[in-house]
Amino acid sequence: MSASLDKGVAVLKEMIDAPIASYFESCVHCGLCAEACLFYTETGDPKYTPIHKLEPLRRIYEQEYTLLGRLAKLVGLSKPVTDDELEAWKELVYNSCTLCARCSLVCPVGNDIVYMVRKFREGMAVSGHAPDGLIGAVTRTIEIGSPMGVKLPAVQAQMKHVQDETGIEIPMDKEGAEYMVMLSSMEIMNFPEYLGAIAKIMKQAGKTWTLCSTAFEATNAGIQIGVSDLAKVIVNRIVEGAERLKVKTVISPECGHAYTALRWDGANLIGRPYTFKVLHILEVLDEFRSQGLLKTEGFETTRMTFHDPCQLGRRGGVVEQPRNLMNMVTKDFVEMDDPGKYNWCCGGGGGVSANEEAEELRLEVFKIKKRQLENVGAKTMVTACANCRIVLEEGLEHYQMDIPVVGLTELIAEHLAPDK
Amino acid sequence: MNEVELLNWVRGPGLNIAIGIFLLGTIWRLFEIYSLGRKKDLSAPRHTAGASGWNTIARRSLAPPGMLKRSPISYIGGYVFHVGLAIVVFLFAPHIELIENLFGLSWPALPSQVVDLATVVTLAAMVLVLVDRINKPVKRYLSTVEDYFTWAVTFLPVLTGYMAVKHLLLPYTTMLALHILSVEILLVVLPFTKLFHVFTLFMSRWYNGQANAHKGVPV
Numbered sequence: 001m002s003a004s005l006d007k008g009v010a011v012l013k014e015m016i017d018a019p020i021a022s023y024f025e026s027c028v029h030c031g032l033c034a035e036a037c038l039f040y041t042e043t044g045d046p047k048y049t050p051i052h053k054l055e056p057l058r059r060i061y062e063q064e065y066t067l068l069g070r071l072a073k074l075v076g077l078s079k080p081v082t083d084d085e086l087e088a089w090k091e092l093v094y095n096s097c098t099l100c101a102r103c104s105l106v107c108p109v110g111n112d113i114v115y116m117v118r119k120f121r122e123g124m125a126v127s128g129h130a131p132d133g134l135i136g137a138v139t140r141t142i143e144i145g146s147p148m149g150v151k152l153p154a155v156q157a158q159m160k161h162v163q164d165e166t167g168i169e170i171p172m173d174k175e176g177a178e179y180m181v182m183l184s185s186m187e188i189m190n191f192p193e194y195l196g197a198i199a200k201i202m203k204q205a206g207k208t209w210t211l212c213s214t215a216f217e218a219t220n221a222g223i224q225i226g227v228s229d230l231a232k233v234i235v236n237r238i239v240e241g242a243e244r245l246k247v248k249t250v251i252s253p254e255c256g257h258a259y260t261a262l263r264w265d266g267a268n269l270i271g272r273p274y275t276f277k278v279l280h281i282l283e284v285l286d287e288f289r290s291q292g293l294l295k296t297e298g299f300e301t302t303r304m305t306f307h308d309p310c311q312l313g314r315r316g317g318v319v320e321q322p323r324n325l326m327n328m329v330t331k332d333f334v335e336m337d338d339p340g341k342y343n344w345c346c347g348g349g350g351g352v353s354a355n356e357e358a359e360e361l362r363l364e365v366f367k368i369k370k371r372q373l374e375n376v377g378a379k380t381m382v383t384a385c386a387n388c389r390i391v392l393e394e395g396l397e398h399y400q401m402d403i404p405v406v407g408l409t410e411l412i413a414e415h416l417a418p419d420k
Numbered sequence: 421m422n423e424v425e426l427l428n429w430v431r432g433p434g435l436n437i438a439i440g441i442f443l444l445g446t447i448w449r450l451f452e453i454y455s456l457g458r459k460k461d462l463s464a465p466r467h468t469a470g471a472s473g474w475n476t477i478a479r480r481s482l483a484p485p486g487m488l489k490r491s492p493i494s495y496i497g498g499y500v501f502h503v504g505l506a507i508v509v510f511l512f513a514p515h516i517e518l519i520e521n522l523f524g525l526s527w528p529a530l531p532s533q534v535v536d537l538a539t540v541v542t543l544a545a546m547v548l549v550l551v552d553r554i555n556k557p558v559k560r561y562l563s564t565v566e567d568y569f570t571w572a573v574t575f576l577p578v579l580t581g582y583m584a585v586k587h588l589l590l591p592y593t594t595m596l597a598l599h600i601l602s603v604e605i606l607l608v609v610l611p612f613t614k615l616f617h618v619f620t621l622f623m624s625r626w627y628n629g630q631a632n633a634h635k636g637v638p639v
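Top line first, the protein sequences correspond to chains A and B.
For the first sequence, counting from 1, position 322 maps to 322 in our numbering; every step adds exactly one.
For the second sequence, counting from 1, position 210 maps to 630 in our numbering; every step adds exactly one.
Just so you know, these hints were derived from the structure itself, not from any lab.
Every residue gets a Cβ at the ideal spot worked out from N, C-alpha and C, and that includes glycine.
Careful, some of the hints might be misleading.
Distance condition first, Cα-Cα at most 30 Å in a straight line; then the derived DSBU-like pairs of lysine-lysine [to be verified]:
no. : chain 1 : residue 1 : chain 2 : residue 2
1   : B       : Lys459    : A       : Lys277
2   : A       : Lys379    : B       : Lys489
3   : A       : Lys367    : B       : Lys556
4   : A       : Lys174    : A       : Lys200
5   : A       : Lys295    : A       : Lys379
6   : A       : Lys277    : A       : Lys174
7   : B       : Lys489    : A       : Lys370
8   : B       : Lys460    : A       : Lys277
9   : A       : Lys248    : B       : Lys459
10  : A       : Lys232    : B       : Lys459
11  : B       : Lys489    : A       : Lys367
12  : A       : Lys151    : A       : Lys232
13  : A       : Lys90     : A       : Lys370
14  : A       : Lys277    : A       : Lys207
What the simulated footprint calls covered on chain A by chain B, stretch by stretch (three residues with Cβ under 8 Å from a Cβ of chain B suffice, anywhere in the stretch; the number is not a length) [to be verified]:
no. : segment
15  : 10-18
16  : 25-32
17  : 59-73
18  : 110-123
19  : 263-272
20  : 331-342
Please construct the entire structure, taking both the sequences and the accompanying hints into account.
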């Protein structure tokens, strides 16, 4: 047994709690979770059955925490988990799971399977079985400040660009602002429209807001790879920034996992509740809408559909808000099959899009999205996660479908009523 | 040991041993699992109607949208044999009599013709889900010896019970003894196999429902 394997197994033992034990004990091998997983439905390969992705973790549970399993281990009747086995499981735990949690929604005995995958990744990462692409993303976030290597000057350059274009000042490190706006590096690099959209919307709503020079990056690759220690370092930057600037609310950008990291995991990572609120930008926009602070004019007339980011809808509870906002600015809004919490993943969540080894498989399972889109005949796809957006764009391009993908915040900003 | 001695043993010491192992095993297993505990969620909750552990306990008994079509045998076969087992075990007059003798509780029984029919339907549904397990790539891939073993120890009490009542194959006394013996085997293995889901599934649904309800998602 290698030292890293030892550590990995120790971490996994630590991870196993009553829910995980209960879930393993409840599984009857019915295989229904496979029917909910795009990696199975699009390939037909049974190895992608979600509960099977956890087999090494299940054995550790059995061998360490059950009387019969401990007896079997004592007399050498059970197979110990090995490095080779974990290496073989890397494909199942990282490449073919986007942490989308559709399996957790259908399991008839109620198992939250993705909760277990997330915990299993902790042991995989510690024992050295995480994919290189994700290790790189985490290292860059810790050392440079963002998974794509974006530094503060890049943000400042974009601020200046947006200021020149919109004529609105972009505040940085403004103490006492109501909102602290976070970005994802995908937005800084690929979708600069987001920051401009925020500036216009905040101006119209008459709200004070700020960026933070020590915490502008919201994405958290530590969550995706499964290293809580690093995830905590990343979240802590944001907590410190928000508390230093004494903001009331931190706004998570259009990024699903950033929202999960900041909204749900963050307080647990730092071990105390926040002193501020965390909202996804769509929650903020919908709040403005209901308070009459968001005024739009005109409608898109092309047929549009909304792709629910898994971490925002199924794992985040933000389902109604995007519908309200879509209806504000579109005339022909159509829902794909299985909308809202039942939505099918873009195929690139949970770190899959940062993992080169997974690329071929990711494009293959995109067939589900392709079918969904063809069924409703949408001409434009709207979403609220920059990672979904880039994965959708790549998938659409791969299947030669000429359908633009836009961010909902940006779509709203395009329809803002001019100042009177 | 002749059939009368066997019947006496399974009705006396055998039954006591089986119930003893079942009860102690169940208590031990529940302790083993739930004493592991879990951490409190420190994030600020979101509240949504219909999202709670209790809701999920109920909701998961129904097929989510689209799933029935994807795996009809799992759902229909599953419902039929679970409901069938409940009818056969709890609504057959001699079973109620036995429970009354043991625990002093009783309730009305179904006519024996209805229980007969339920038994045949249950056996058929169980054969169907077994065939599905063997035929369907995912189920076959997941299946271990335990899956087939637990199927058999669940199937045999129903089969031997039916054969005893209908006086099939073996003399009534022998078949009745085998029936009781097969139930005792079921009781003994239940806490230590996947059959234990009869207890844990409620807590699993609750945990999942509660954790997601915290995020405002009714799962």
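Pair hint outcome, Lys460(B) versus Lys277(A) [Cα-Cα no greater than 30 Å]: holds, 19 Å
Is the Cα-Cα distance between Lys151(A) and Lys232(A) 30 Å or less? holds, 20 Å
Tell me whether the statement that chain B covers the segment 25-32 of chain A is true, taking a Cβ distance below 8 Å and needing three residues at minimum. holds (count 8)
Does the segment 331-342 of chain A contain three or more residues whose Cβ lies closer than 8 Å to a Cβ of chain B? Per the Cβ count (4), the hint holds.
Does Lys277(A) pair with Lys174(A) here, judged by a C-alpha cut-off of 30 Å? Judged against 30 Å, a Cα distance of about 17 Å means the pair holds.
Is the straight-line distance between the alpha-carbon of Lys367(A) and that of Lys556(B) 30 Å or less? holds, 23 Å
Holds or violated: Lys277(A) to Lys207(A), with C-alpha atoms at most 30 Å apart: holds, 16 Å
Pairwise hint evaluation, Lys379(A) against Lys295(A), where the allowed Cα distance is 30 Å at most: holds, 25 Å
Using C-beta distances, would you say chain B covers the segment 59-73 of chain A, given that this needs three or more residues below 8 Å? Since three or more residues must qualify, the claim that chain B covers the segment 59-73 of chain A holds, with 4 doing so at under 8 Å.
Can you confirm whether the C-alpha distance between Lys174(A) and Lys200(A) stays at or below 30 Å? holds, 18 Å
Would you check chain B against the segment 10-18 of chain A, counting CB to CB pairs closer than 8 Å, and say if three or more residues qualify? holds (count 3)
Given the hint that Lys489(B) pairs with Lys370(A), test it: the Cα-Cα distance must not exceed 30 Å. holds, 21 Å
Checked against the numbered hints above, the structure violates none of them.
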